[in-house]
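Given chain A, put chain B in place with the hints provided.
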Amino acid sequence: MTALPAALLAAEWTRLTSTRLWLWGLLAALGSGAFVGLLALAGPENFTPPLPGLDTAQGTHVLLGLLGCTVFAPALLGTVAVSSEYRHRTITTTTLFAPRRWTWLAAKLAVYTGAGLAYGAVAAIVAGGALFGVAVLKGITLGLPTVTVAALLARIALTMAVYTLLGVAVGALLRNQVTALVAVGAYFYMIETVLMLIPGIKELYPYLPGGATAALTGFTYLADALAGQTGTSAAHLLSAPAGAAVLVCYALIAIAVAVAAPLRRDIM
Amino acid sequence: MNIEVRGLTKAFGPITAVTDLSFEVEAGSVTGFLGPNGAGKSTTMRMMLGLVAPASGTATFGGDRYADLPHPSATVGAVLDSAGFHPAHTARDHLRVYARMGGYGTARVNQVADLTGVSAFAGRTTRILSTGMRQRLSLATALLGDPQVLLLDEPSNGLDPEGIAWLRYFLRELAADGRTILISSHVLGKIEHMADHVVVIRDGRLVTTGPVTGLYGSATVLVRCAQADRFAAELMESGVQVERPRPDLLRIHGLSTAQVATAAASHGVTLREITREQPTLEQVFLHLTGGSR
Chain A
1 MTALPAALLA
11 AEWTRLTSTR
21 LWLWGLLAAL
31 GSGAFVGLLA
41 LAGPENFTPP
51 LPGLDTAQGT
61 HVLLGLLGCT
71 VFAPALLGTV
81 AVSSEYRHRT
91 ITTTTLFAPR
101 RWTWLAAKLA
111 VYTGAGLAYG
121 AVAAIVAGGA
131 LFGVAVLKGI
141 TLGLPTVTVA
151 ALLARIALTM
161 AVYTLLGVAV
171 GALLRNQVTA
181 LVAVGAYFYM
191 IETVLMLIPG
201 IKELYPYLPG
211 GATAALTGFT
221 YLADALAGQT
231 GTSAAHLLSA
241 PAGAAVLVCY
251 ALIAIAVAVA
261 APLRRDIM
Chain B
1 MNIEVRGLTK
11 AFGPITAVTD
21 LSFEVEAGSV
31 TGFLGPNGAG
41 KSTTMRMMLG
51 LVAPASGTAT
61 FGGDRYADLP
71 HPSATVGAVL
81 DSAGFHPAHT
91 ARDHLRVYAR
101 MGGYGTARVN
111 QVADLTGVSA
121 FAGRTTRILS
131 TGMRQRLSLA
141 TALLGDPQVL
151 LLDEPSNGLD
161 PEGIAWLRYF
171 LRELAADGRT
181 ILISSHVLGK
191 IEHMADHVVV
201 IRDGRLVTTG
211 PVTGLYGSAT
221 VLVRCAQADR
231 FAAELMESGV
241 QVERPRPDLL
251 RIHGLSTAQV
261 ATAAASHGVT
271 LREITREQPT
281 LEQVFLHLTG
291 GSR
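If you read the protein sequences in the order shown, they are chains A and B.
Counted from 1, the first sequence has number 216 at position 216 by full-length UniProt numbering; the numbering is strictly sequential.
Counted from 1, the second sequence has number 262 at position 262 by full-length UniProt numbering; the numbering is strictly sequential.
Chain A extracted, bound-state conformation (with noise of 0.2 Å):
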């Protein structure tokens, strides 16, 4: 027996309340959220090229998309969590006290998944929030039904879960925060972008976390964009059950990765 699972799960959210670190995550769940709001009240029919309004499904969808493509920052923030164990070297310490190290780790997995659900709850309510009162404000209707957009900013708030535990299992397998950090917002902001550009690799971009998550939000401007840019025909995405089931795949890759990763490593 090793330290009992509560405690764990005890000490892994005194550490996470006890620094700043939940306080940023609220304020980046906030401005996502807001940020979404934003560009509802400047009106898709503004924005360079003009999309469709508010008042029409794909107006609506761009919106809930973009508010999908934040879905990095709660990964960052699972990112900054597990790597600030080795950069301020408590995992020593931490090891100590929970030498079967796997409990740890699945009690962090556990405590950030609650975090990250929590994360996407903020911001997706925050941007529902907006949407509405946005369209209250200009005198319009949704493009899209209100169950639908809910059932849309439920998806997006539980690919931010996800999101975050994909980040946490960066953190562990790559330690190094810096590098961690630069790999996590590399690979969303780059990596994916330059994939979709590429002919024969572009077919991969639905499995990939983005393409999935772009099919579970319905969201294909970015692709669709690219495609227009380059004159190649986008990628086809999953439909929105198997882009589901593809970011689940991943995010129990994450696990086992981030719980079988540590437990060989010399802690120095």
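Treat the hints as calculated values from the structure; they're not laboratory data.
Hints may be right or wrong, so weigh each one.
Using C-beta positions, here's what the derived DEER-type ranges look like [to be verified]: (1) A:249 to B:130: 38 to 44 Å; (2) A:256 to B:214: 23 to 29 Å; (3) A:191 to B:2: 26 to 32 Å; (4) B:82 to A:253: 28 to 34 Å; (5) A:179 to B:2: 38 to 44 Å; (6) A:42 to B:157: 33 to 39 Å; (7) B:88 to A:265: 22 to 28 Å; (8) A:190 to B:187: 50 to 56 Å; (9) A:265 to B:157: 24 to 30 Å; (10) B:16 to A:190: 42 to 48 Å; (11) B:88 to A:150: 34 to 40 Å; (12) B:211 to A:266: 29 to 35 Å; (13) A:150 to B:157: 56 to 62 Å; (14) A:197 to B:12: 41 to 47 Å.
Where a beta carbon is used, it is the ideal one built from N, C-alpha and C, also for glycine.
Structure of chain B alone, referenced to chain A:
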């Protein structure tokens, strides 16, 4: 609780850190773990605590490997110099996190904070703590589970004389409670007054293990006196080995300070100064290895 180390071996790439190292630490004793820098002391302690996986060999506490202990942090406490703190945590936050982890209450946090003097700076973030404060916080963390065994890796490194005096006193108190303490150092003088036993390693191999008094071989006493000529002659006549580094200075082998003082009194020699000569760890190594290195 006995500590038993059997055949520990570890290499980092082509560099062998520890080779077939075995020793025992008796329950309730204070044992010094001595060796020059790079001898493999830290690696050995890390292997004992399951932080570093040995290529071969085992280390057990009362028969169990550290990771198999029913309640590790309540059995063994460790102060390792590599252990850090989250810079945004206050000292109390740090203790709270690990108290939660070990299942200890807030009362225990306050207790160890009082015991180690952490209370005086519990509200400060660890970023701004001095080396001495960090060392106290490490010690407080190690004591959260009130462990019977303490492993300390060079705990006085970076401490000022006041900090060292405090640490020495504090560890003596802990030892008086019957705790088993293994304390590493590369400076013999820092632990010789505290340790009952020593384990000496060099280049990752055991040099010797035994009572601390056996380390020095024959003790030497330095004496400054007016009648150095006569005293040296008298001593040598009774078979004592005497050197005379300076005209008024004698280095006497094989006698304690008390024996030298008694001899001086009985020969009517007035001593101006009498000192037991402190061997350095290097001299001890030379003695132990017969000067072969």
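For each hint, the structure was consulted:
{"no.": "1", "hint": "A:249 to B:130: 38 to 44 Å", "result": "49 Å, violated"}
{"no.": "2", "hint": "A:256 to B:214: 23 to 29 Å", "result": "53 Å, violated"}
{"no.": "3", "hint": "A:191 to B:2: 26 to 32 Å", "result": "55 Å, violated"}
{"no.": "4", "hint": "B:82 to A:253: 28 to 34 Å", "result": "31 Å, holds"}
{"no.": "5", "hint": "A:179 to B:2: 38 to 44 Å", "result": "43 Å, holds"}
{"no.": "6", "hint": "A:42 to B:157: 33 to 39 Å", "result": "59 Å, violated"}
{"no.": "7", "hint": "B:88 to A:265: 22 to 28 Å", "result": "25 Å, holds"}
{"no.": "8", "hint": "A:190 to B:187: 50 to 56 Å", "result": "53 Å, holds"}
{"no.": "9", "hint": "A:265 to B:157: 24 to 30 Å", "result": "25 Å, holds"}
{"no.": "10", "hint": "B:16 to A:190: 42 to 48 Å", "result": "43 Å, holds"}
{"no.": "11", "hint": "B:88 to A:150: 34 to 40 Å", "result": "37 Å, holds"}
{"no.": "12", "hint": "B:211 to A:266: 29 to 35 Å", "result": "33 Å, holds"}
{"no.": "13", "hint": "A:150 to B:157: 56 to 62 Å", "result": "59 Å, holds"}
{"no.": "14", "hint": "A:197 to B:12: 41 to 47 Å", "result": "43 Å, holds"}
The earlier numbered hints that this structure contradicts are 1, 2, 3, 6.
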